[in-house]
Amino acid sequence: GNSVTQMEGPVTLSEEAFLTINCTYTATGYPSLFWYVQYPGEGLQLLLKATKADDKGSNKGFEATYRKETTSFHLEKGSVQVSDSAVYFCALSESTGGFKTIFGAGTRLFVKA
Amino acid sequence: DTGVSQDPRHKITKRGQNVTFRCDPISEHNRLYWYRQTLGQGPEFLTYFQNEAQLEKSRLLSDRFSAERPKGSFSTLEIQRTEQGDSAMYLCASSSGEGKLFFGSGTQLSVL
Chain C
1 GNSVTQMEGP
11 VTLSEEAFLT
21 INCTYTATGY
31 PSLFWYVQYP
41 GEGLQLLLKA
51 TKADDKGSNK
61 GFEATYRKET
71 TSFHLEKGSV
81 QVSDSAVYFC
91 ALSESTGGFK
101 TIFGAGTRLF
111 VKA
Chain L
1 DTGVSQDPRH
11 KITKRGQNVT
21 FRCDPISEHN
31 RLYWYRQTLG
41 QGPEFLTYFQ
51 NEAQLEKSRL
61 LSDRFSAERP
71 KGSFSTLEIQ
81 RTEQGDSAMY
91 LCASSSGEGK
101 LFFGSGTQLS
111 VL
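Those protein sequence lines, which keep their order, are chains C and L. Going left to right, the first sequence walks through residues 1 to 113 as the numbering used here numbers them. Going left to right, the second sequence walks through residues 1 to 112 as the numbering used here numbers them.
Some hints here could point you the wrong way.
Calculated lysine-lysine pairs in the DSS-like style (CA-CA distance at most 25 Å, straight line) [as the list claims (entries may be wrong)]:
(1) C:K112 to L:K57
(2) C:K56 to L:K71
(3) C:K77 to L:K100
(4) C:K100 to L:K57
(5) L:K100 to C:K60
(6) C:K100 to L:K14
(7) C:K100 to C:K112
(8) C:K60 to C:K112
The hints are simulated quantities; they were obtained by calculation from the structure and are not laboratory data. Model, not experiment: these values are computed from the prediction.
Only chain C is shown next, with the shape it has when bound in the complex:
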């Protein structure tokens, strides 16, 4: 079945460091790919998305590129801030069948001042 695998956390970085959180997926068809973020004490919210191969999603300085050849959707940010501390979830939305969204286990990010 369809699945999402993302790197285990926690990831601890100093402010202004470069961030990469790896995400790979297994899916039939042509899924859409997403990164959701959960800030402390808040619900999940969409960070960015990409709907087809080679698309780049971006928001708040974060970017991710839909790589069909490597089935990956890695999240990057050039300079993290303390306010980026959160849990990040990679997800795919099925393009066939039920169209449900499947989530990875999440990666917790801590950014130190």
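We have chain C already, so just place chain L on it with the hints.
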């Protein structure tokens, strides 16, 4: 637009009791999803509605779980004969069909 709302925020119950949660989606969204999330894990899909029709149910979901969405508006998730393993955060999300999910704050269930 008040977003997705869930009620109650917290529920403590004794093993063997039945519980029911409510979700009110964003009004113009025709798709509604239920997920379960345990500590350190991502949301796990439970079931999905398009309007009032329940289109998919996770094979992992036991027959103690049932969900309804009468008239395609709010939805309820009922758990019968609760077990300690049912303790989790139950999340509701709605969508207009473009893939982006809008989540509620969840109902935290504790089964003693």
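Of the numbered hints stated previously, which ones are contradicted by the structure, given in increasing order?
-> 1, 2, 6 and 7
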